[in-house]
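Chemist: Line order of the protein sequences matches chains V and H. For what it's worth, my numbering labels the leading residue of the first sequence as 1, then goes sequentially. For what it's worth, my numbering labels the leading residue of the second sequence as 623, then goes sequentially.
What the hints contain is simulated information worked out from the structure, not anything from laboratory work. C-beta atoms are modelled at their ideal positions from N, C-alpha and C, and glycine is treated no differently. Be aware that one or more of the hints could be misleading.
Negatives, chain V to chain H, calculated, CB over 12 Å [claimed, not checked]:
{"id": "1", "residue": "95"}
{"id": "2", "residue": "116"}
{"id": "3", "residue": "151"}
{"id": "4", "residue": "168"}
{"id": "5", "residue": "189"}
{"id": "6", "residue": "224"}
{"id": "7", "residue": "242"}
{"id": "8", "residue": "317"}
{"id": "9", "residue": "367"}
{"id": "10", "residue": "420"}
{"id": "11", "residue": "436"}
{"id": "12", "residue": "491"}
If you want the footprint, here are the derived chain H segments under chain V, 3+ residues with CB under 8 Å [said to hold, decoys possible]:
{"id": "13", "stretch": "689-703"}
{"id": "14", "stretch": "917-924"}
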Amino acid sequence: MSTVIPPTAPAPGADGAPGAPRARRRTATRLLAGAASLGLAGALLPAGAAAAEAEQDTMTVAISQPVDSLSPFLAQRLISTSIHKMVYEGLVGYDPETNEPHPMLAESWEPSEDGLTWTYTLREGMKWSDGEPITADDAAWTFTTMMEDSDAATANGNYVENFEKAEAVDERTLEVTLKEPQATMLSMDVPILPEHVWAEAGDYGDFHNEEFPVVGSGPFTITGHEPNQSVTIEANPEYYDGAPEFEKVVFRYFSDQDAQVEALRKGEVSLVSGLTPAQADSLEGQEGITVNKASGKRFQAFTVNPGAETQDGEEFGDGHPALEDKTLRQAIMMAIDKQELVDTAYGGYAEPAEGYIPSRYPDYYWEPEGDDRLPFDPDAANAMLDEAGYEEGEDGVRESPDGDRLELRMHTHNDRPDYVAMAPIIVERLADIGIEVENKEVDPGVLSDALHSGEYDLIWTGWSVNPDPDYVLGIHTCDALPEEPGTMRGDAYFCNEEYDELYAEQLAAYDDPEGRAEIIKRMQAVLYDEAVVDVLTYADTLEAYRSDQIASMQPQPDPGGNLWGQDGHWSFSSAVPAEGGSGGTGPSGGVIAGIAAAVVLVVGGAVFLLVRRRSATADDRE
Amino acid sequence: MTDTQTSGAAPPAPDAAPGPRPRAGRVLRYLGGRLLTAAVSLAAVMVTSFFLFRILPGDPVAAMTEGREVSVEQMEALRREFGLDQPLWQQFLDYCARMLRFDLGVSYEFHRPVAELVAERIGPTVLLAGTGTLIAAALGLVLGTRAAWRRGSAGDRISSSVALLLWSVPSFWLGLLLIVLLASGTGWLPGLFPTGGMVSPGTTGALDTAVDVAHHMVLPVATMVAVVYAQYLMIMRSSVLDEMGADYLTTARAKGLRDDLVLRRHAVPNALLPTVTLIFLNLGRVFGGVILIETVFAWPGLGSLFYSGLKVPDLPLVQALFVIFAGAVIIMNLLADLVYPLLDPRVRT
Numbered sequence: 001m002s003t004v005i006p007p008t009a010p011a012p013g014a015d016g017a018p019g020a021p022r023a024r025r026r027t028a029t030r031l032l033a034g035a036a037s038l039g040l041a042g043a044l045l046p047a048g049a050a051a052a053e054a055e056q057d058t059m060t061v062a063i064s065q066p067v068d069s070l071s072p073f074l075a076q077r078l079i080s081t082s083i084h085k086m087v088y089e090g091l092v093g094y095d096p097e098t099n100e101p102h103p104m105l106a107e108s109w110e111p112s113e114d115g116l117t118w119t120y121t122l123r124e125g126m127k128w129s130d131g132e133p134i135t136a137d138d139a140a141w142t143f144t145t146m147m148e149d150s151d152a153a154t155a156n157g158n159y160v161e162n163f164e165k166a167e168a169v170d171e172r173t174l175e176v177t178l179k180e181p182q183a184t185m186l187s188m189d190v191p192i193l194p195e196h197v198w199a200e201a202g203d204y205g206d207f208h209n210e211e212f213p214v215v216g217s218g219p220f221t222i223t224g225h226e227p228n229q230s231v232t233i234e235a236n237p238e239y240y241d242g243a244p245e246f247e248k249v250v251f252r253y254f255s256d257q258d259a260q261v262e263a264l265r266k267g268e269v270s271l272v273s274g275l276t277p278a279q280a281d282s283l284e285g286q287e288g289i290t291v292n293k294a295s296g297k298r299f300q301a302f303t304v305n306p307g308a309e310t311q312d313g314e315e316f317g318d319g320h321p322a323l324e325d326k327t328l329r330q331a332i333m334m335a336i337d338k339q340e341l342v343d344t345a346y347g348g349y350a351e352p353a354e355g356y357i358p359s360r361y362p363d364y365y366w367e368p369e370g371d372d373r374l375p376f377d378p379d380a381a382n383a384m385l386d387e388a389g390y391e392e393g394e395d396g397v398r399e400s401p402d403g404d405r406l407e408l409r410m411h412t413h414n415d416r417p418d419y420v421a422m423a424p425i426i427v428e429r430l431a432d433i434g435i436e437v438e439n440k441e442v443d444p445g446v447l448s449d450a451l452h453s454g455e456y457d458l459i460w461t462g463w464s465v466n467p468d469p470d471y472v473l474g475i476h477t478c479d480a481l482p483e484e485p486g487t488m489r490g491d492a493y494f495c496n497e498e499y500d501e502l503y504a505e506q507l508a509a510y511d512d513p514e515g516r517a518e519i520i521k522r523m524q525a526v527l528y529d530e531a532v533v534d535v536l537t538y539a540d541t542l543e544a545y546r547s548d549q550i551a552s553m554q555p556q557p558d559p560g561g562n563l564w565g566q567d568g569h570w571s572f573s574s575a576v577p578a579e580g581g582s583g584g585t586g587p588s589g590g591v592i593a594g595i596a597a598a599v600v601l602v603v604g605g606a607v608f609l610l611v612r613r614r615s616a617t618a619d620d621r622e
Numbered sequence: 623m624t625d626t627q628t629s630g631a632a633p634p635a636p637d638a639a640p641g642p643r644p645r646a647g648r649v650l651r652y653l654g655g656r657l658l659t660a661a662v663s664l665a666a667v668m669v670t671s672f673f674l675f676r677i678l679p680g681d682p683v684a685a686m687t688e689g690r691e692v693s694v695e696q697m698e699a700l701r702r703e704f705g706l707d708q709p710l711w712q713q714f715l716d717y718c719a720r721m722l723r724f725d726l727g728v729s730y731e732f733h734r735p736v737a738e739l740v741a742e743r744i745g746p747t748v749l750l751a752g753t754g755t756l757i758a759a760a761l762g763l764v765l766g767t768r769a770a771w772r773r774g775s776a777g778d779r780i781s782s783s784v785a786l787l788l789w790s791v792p793s794f795w796l797g798l799l800l801i802v803l804l805a806s807g808t809g810w811l812p813g814l815f816p817t818g819g820m821v822s823p824g825t826t827g828a829l830d831t832a833v834d835v836a837h838h839m840v841l842p843v844a845t846m847v848a849v850v851y852a853q854y855l856m857i858m859r860s861s862v863l864d865e866m867g868a869d870y871l872t873t874a875r876a877k878g879l880r881d882d883l884v885l886r887r888h889a890v891p892n893a894l895l896p897t898v899t900l901i902f903l904n905l906g907r908v909f910g911g912v913i914l915i916e917t918v919f920a921w922p923g924l925g926s927l928f929y930s931g932l933k934v935p936d937l938p939l940v941q942a943l944f945v946i947f948a949g950a951v952i953i954m955n956l957l958a959d960l961v962y963p964l965l966d967p968r969v970r971t
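In isolation and in its complexed conformation, chain H is listed as follows (with noise of 0.2 Å):
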């Protein structure tokens, strides 16, 4: 799809020769200033995340040791340990000493660097959310399509409703909903699935996890698909109905060309820009993940364990997922902004 687009977009020939220059000469400077914003952001995040979770209320150190039997001497030690013992800018400086080093620091909590905790996480994460992203998106298409494509029908005013009636659920009560019906089983019904968790305990080899995997991943994965797919629904709809008065599908008709192929080969390639961004942006946040599914199914990603740091608050831990997470978006929307003049022309004039 892209290609035809490309090639049927080329500029004239003419000018073949001298063209080229000017041209790099716009794509860099697009390039450039897409780069330069993303790097603004990224540091203002970095600023930001450090500021931002100083302001939580409680102290780290309380809280970790809370209702456990420790002395004044282990506090002032865990204190030290942390560096909570220096002036404000002091840590800040050191904070950002570390960040333009790539080191995130180490997890209160844990013991342990950031970095390792997050590289154990971010599999899981990635695997469930993305998973989920992509099924959501692909069924939003592909509903939302033919909802606007038979605009007022029974089947349009179902598919929207049902898909607004998921979208308004909270997810976390859709899940156990879930869990009561399919995990554990009532009445005929036996459980089909596990309750929770990534992989049984005690599961070895590579066919087997993967399968186990799979396995616990279907409740999950349908809760999320059931709760987001609606905004690509909507969007995909509304977008195929702004394309439904243009012009070019009215010669596509005259042409003699099937209903059908007139929304494949037209309305949609043209209506696919806003999801587009929308599945970007989406993809940014893959990397947060879904905190209250990840919570209910005990999911081991990123999502739960920011919010297991928040509660501490774990600083080096949060503050480190807050930079991930934003520069994950931050990232995205960089890659939607280049992959843009790919899909549309109109954005590189």
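Just chain V, same shape as in the assembly (with noise of 0.2 Å):
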């Protein structure tokens, strides 16, 4: 933008003219009429402020995207599917402290010697918040509607695709028939709905459940909802294991995460959660403030294209083609060190990471012992390649025993700052060992079509692991690669005969929860060993809350565990309001406060026209 001034444009003459000091001086009283208004402001809104006396039971959390659908059928976004987790409980789900399976609807539960069977025994007098019983009919509704109706199967269809039947043999026994013997049945995460108030809802691609107030089974019930905005829990009083003590929780979206901290700062919000290390250290010793680090129940990782391949045995994709040897794939794992990462792009606040499955489950988690054992060790990656024909050339870069020349891309999402600052000490380690990478920051848009069309070579991933890891386990068998090129279930072209046998064995494992945890970790062994999946580290979970709001919250695990994000109610159904705290700034104080802006803006906008109509007079006058 330039400021454009015609050469021949005269002096203004208005310097020497007599209206301009006047017109000066009316501009002095403008700017004054302004000045008056920002300082009634000032005066104004702190008093609306400080009388802001908010409910005591009430806890805000920041939430960073809005809800997709308040229908359990169809809600996909994380914070959605948190939210119903505090509004409808599942049969079975998992203990605060041990995440092991913990009854929730149902009290125990039994499988059939063949497995094909499962046979649930619901608690006895359960109400939905509209004082309806609770019955087996609610949960044999539920499954079968999933079953039969593909809309309804959008969010959890996944959960029913080897359910034969769900039928209600009495008011409280479920009893579910499968096609093959399968070990999830302990960690299915459905919530069971209604059938009084859904079997009338129509079309479920359509409906999204907002007649308020919901009707659950959990400890709260949705009382309100802002599109874009917010949405209400409230206690609800027919909870089987008593209201929670909290009587009112409002998750309030703020996309700027920044936003969020300085509004916990304030505090107008009770809960924030994903923080960075930065804001996690910035709000550390806080009057008022607590961090909570939490082990994470994410991993953070890299793949290695190992020869991209549809379930066929169609090879496509343009991969290189030396990273098909699993000496070099072994060579790249022991050239990175991960406390580097640890320290550099998690400022301490993450663990190094071997096994798929984070130390946050100790019952799956496994660590590599003695000679399976790929350590940081540069020294010995350099030997092992110069031994498997790798040769340097004149520029440091090694060939392959083919003759590529070993130059690798890696695809690294723009988005996720973790990566971005992991993926340049990864390029020089690999240097070290005589590989180039080209690091491509790119939209995660291009890293999906990167990864569907085999056309990369190493490209960021990571998974957050639920207590059940049978999901992220099966992303790696052969089952997984692609029908054709194109998308896939899996994400890293991964096929191992042994690998898929022992999935094949947990799954049938239902009856034997020690035995399956030891396949698993079989499991991941292989998958170490043939260092496709290079695991780097598990990142802390980063989340602070306002002490002086709520006093206590179980984290699960417990110790140790998170706050926000739970598989399950547990966080919020536990937690103490604190004595005499506030939470939350509440309507009234807003009210006023905004009142004060309004007078504000209306004495400002009349002052100015006032003053405006008054020299005009003047003038007319002259």
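Now that you have both chains on their own, put them together as the hints suggest.
Modeler: Written as structure tokens, this is what we have:
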């Protein structure tokens, strides 16, 4: 933008003109009026804020995305499914302390001899929040609807794909018949819905469950939804385990993470999750704020393209041919110093990783031992490559025995700060063993296309692992390869016979949790040895809450667990309000402050108009 | 102001009787031409919108289910539901047929008609961006006129440099700064305004809600005004400067008019034209919202909806929004073209 000053413009006569001082005076008057209204704002608003005597039993939680749908049949976003956990219980959940299966609506369960029939017994005397009894019919109806109606299967259909039928034997007994035995019957994340409300709902593809209060079985019910702004849930007095102490929880949407942190500082929100290490450090030690550092559910990794192929063995893509060699893949793993990644990218808020399943789940956690271990050792990695015939060229970059120069591409999500921080370190470390890596920071869409077309060498990935790891293990079976080039379930083109056999074994080990855990550890050993999936870190989950609003919350697991994003409603159903604390800015305070703001606007506008009017009449008189 | 000019510029009386017909014809031709141009542009935008977002990398179904434990069957079902299993030309024909019926389709992510989502969000966007645009325009006009009238003075230099400085500030950064200073409060300064959102959860009653919304609007509107008012200021300043060399101003002064009147009655009305165009253009953009400001302040508008839709990409949603955004600019341009003859007699001849 440039200013155009015509050279021929005559010098403004304004300066000498008699009107000038007057005009200047008038400007001054207006500025004064503006300043006065601002001052007024300053005087009124703090009073309003101080008057914000909010209800004691309200907790406000900052969330990073708006809900997509309040219908459990449709909702896919993490925020929506997390809220549903407060409102609808499933049959079996996870223990808050140990992550073991925990009775929810079902108090007990029993598989048949052949593992094809599961019988769940519901608790006695449970009621929906509208007072109707919760029966086995509700559960049977929920599963059956998901099996029969493809709209109802949108979000959770995967859990019932192997179901033959689900029926209520009596009021409290549900019987599920399977096509094949499966080990995940205690880890079904399926909210059971009230048939008497939902049966009449009509088209499930277009039903969003917005009749408030929503009828539910959990410790809270949904009582309000301002689209794109907030969801309000309130304590359910009919809850079988007693109503929670917080009467109300408001989930408020903030798209900007820094704004969330400011809202926490101010006390406008009570709980913030997903903090960056820098944010956590800045909140540490602040009065009235407690920072919670929890062991993470997520692993961060990159995968190596072992040669993309379909289930029929048709090869596609343009992965570097040398990466089909396991020795090279293992050398890559040994070149990377995971502690360095933890220190640099996470400021220490992470754990160096080896096994596929995070240490948060001790039952399944596996660490390599003895000779199986591929430790950080660039010298050994170099020696391995020398021996395997990878000769170093003049520029220090090796060539494969087939004569291909070891130059690799690495696709990095540009929207993940931790990957972006780790990628250059990996480029450096791989240069140490004679591999040249070009780091491509790209849009997740570009990355996803590169993965599905097999046109990559190294690519970042990461999964949030549930207490039952079946799914994240399943994506590395040969079945997860694509039927034809395009999209697929897996994320690594990994296919290994031994791994597949172990996967089938663990799936059938429904009656032997310890034996199943052993098999799962062996699967991780295979995955590690093949060095296709290089698990690098388990990042901590960083959260902070107002300790002057919330006295305590149940972490999961306990100790060292997280508060937000639990497998269950434990942190919220157990939360205790702080003595004399204020739970978020209630509407009363906001209203007073708001009135002040409006007064300021109106007064300011009126003053402006008056000044104008008066000057106009003065001109006319002249 | 418009009235005076129109009457002043009316053709001389003699041929009053035969006059209107050719003039009406001219007006009709002018109108027809503009309408046709607008319709053609709109059609082009519709077609572009379809292909533009198909070029975007990424598979909507893969993005939507990322990190979720879905089966291949579920993903296939979603693809069928969205019509993504159809050949491209088929999808395009369906899209055109829908658009001609004013059916914007169903959002992938929200499983709701796009029209419903837009209806929900358009109010907040127009409220925020509209208020911001009007205040910025008014402020820019006043300050720009003053700066030009006293060109080269300290006041001019300060006001122009402050405006340009703010113009170069990234809006999200300024927004965050205001949040830190005025929302969360620092030191002795208490937090005066909400950190984000449009209404405090639980607010009821029309008056309370209006007041609460006004309170939430202060910071985002202030951010927007601060960043954009410079363009009005600079344009107004340069067009007033252009007028300052004109003979009619010398005449006005020769009549003995006070300097202030010369400015208000003669220079400003003539200098307003370019600014009016700019205001209309920006009013068209009001519907697109101010994405960054909406994001920082969690304002539930169309801009943030577009942004979240792009990440998937939620094709029906972003296609429809693109058409709406572009359509609003086209229509506002059309309006500007139609209003112009009323403001400027020269266009009419």
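Chemist: In ascending order, which of the hints set out earlier in this document are inconsistent with the structure?
Modeler: Violated hints: 3, 5, 6 and 12; rest satisfied.
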